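2 protein chains.
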Amino acid sequence: MSELLRQHIEKITPLTDKEFDYIFSHFTTRKYKKHQFLVQDDTAVQHDYFVLKGMLKASYITAEDGKEHILQFAWEDWWITDYQAYFNQTNATLTIDCIEDTEVLALSLFNREKICSEMHKMEHFFRRKSSFGYVALQKRILSLLTNSAEQRYQQLQNAYPQLFQRVPKTLLAAYLGVSRETLSRFSKM
Amino acid sequence: MSELLRQHIEKITPLTDKEFDYIFSHFTTRKYKKHQFLVQDDTAVQHDYFVLKGMLKASYITAEDGKEHILQFAWEDWWITDYQAYFNQTNATLTIDCIEDTEVLALSLFNREKICSEMHKMEHFFRRKSSFGYVALQKRILSLLTNSAEQRYQQLQNAYPQLFQRVPKTLLAAYLGVSRETLSRFSKM
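Those protein sequence lines, which keep their order, are chains R and Z. Under the working numbering, residues 24 to 212 are what the first sequence spells out, in order. Under the working numbering, residues 24 to 212 are what the second sequence spells out, in order.
Source of the hints: derived by calculation from the structure; they are not laboratory data. Values in this document were obtained by computation on a predicted structure and should not be read as measured data. There's no promise every hint is true.
Note: identical chains are not told apart, hence a pair may lie in one copy or across any two.
Taking lysine-lysine pairs in the DSSO-like style, the calculated list, with each CA pair at most 27 Å apart, reads [as the list claims (entries may be wrong)]: (1) K152 <-> K162; (2) K211 <-> K192; (3) K144 <-> K34; (4) K192 <-> K34; (5) K137 <-> K34; (6) K144 <-> K192; (7) K211 <-> K41.
Please construct the entire structure, taking both the sequences and the accompanying hints into account.
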């Protein structure tokens, strides 16, 4: 399973076997069952998670009405955590839980900073990942500002068709910010 | 004026005089008048801009109705460009123009990658900046998903009071995604 992480890093920077083994020694493998939590609201966030297998979601629960708003899905070859809490070492405002049985590689902030400081190429890898992530979030903000919910539904379906196979409609609605009923209307069109 | 860039980088990593001079040699100083464009829709994006003086906005114009949606403001000590176009070296989908007379330091992608590859500490600096930027955009997405326009107005005013002194109400409305009339209602409360 470590091969998935190696391929992922090598899309940005090549590694020797020795370098990869050293990097990999900073991760720990963890398995979770469907519905299990990786991050709970108002608790410390120790790790960033690289997904080997499964599907997760990061969500924010509105205090007033208990409504779930999904910030992010993650599946194989994606990273997920509560980044605000992780980078600032504060308590989580998000909850992260499993939509399927899941296997991840967990990286503590200490180990992330350690391998970045020891290996220029890992600093480079994470800079590139962050830059691409920043661009993706800017696109999502523009989409929220300028597109209708129906346009956002179509974009999501075109970009990530497998999401529609693996994730219940209720959760897609919570990601798009529409009701379950509105979503059903889109999917019939 | 180069002192502002040095202080900005040294918030994350200390530099010797020689290191800073070398880094600074990769930037070019540019001055623009109010209303002048730095980036125009559908043209190449050569530079990322660090603001020494002035105020700018990055916006997306909806093709159907010509409506302006503001993605970002930038002023002293901030960076701005069309990052999607800059990192991928594609044409701009945003326009960036000056709300005040402005002075910037421009950094080409070639020079950015050059100083990052030559100096581990600059790779570190840009990784940290990107990570913080990513967190800020996640917060904005959550705010768009969970808060009313009025709550977002209050948050903006609390976080950046100087923005309300320097930017016309019409532009604040285009950032918050509300009409000029709705914004006036908030500001009277």
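Each hint tested on the structure:
For the identical chains of this complex, K152 and K162 are neighbours both inside a copy (16 Å) and across copies (18 Å), given an alpha-carbon limit of 27 Å. With identical chains, the CA atoms of K211 and K192 are at most 27 Å apart within one copy only, with a shortest distance of 13 Å there and 41 Å across copies. Taking the shortest alpha-carbon separations for K144 and K34, both the intra-copy value of 12 Å and the inter-copy value of 23 Å come in at or below 27 Å. In this assembly of identical chains, K192 and K34 lie within 27 Å of each other by CA distance neither inside one copy nor across copies; the values are 32 Å within and 45 Å between.
Taking the closest pair of Cα atoms, K137 and K34 come within 27 Å of each other both inside a single copy (21 Å) and across two copies (19 Å). In this assembly of identical chains, K144 and K192 lie within 27 Å of each other by CA distance neither inside one copy nor across copies; the values are 40 Å within and 45 Å between. Taking the shortest Cα distances, K211 and K41 never come within 27 Å of each other, neither inside one copy (52 Å) nor across copies (64 Å).
Of the numbered hints listed earlier, those contradicted by the structure are 4, 6, 7.
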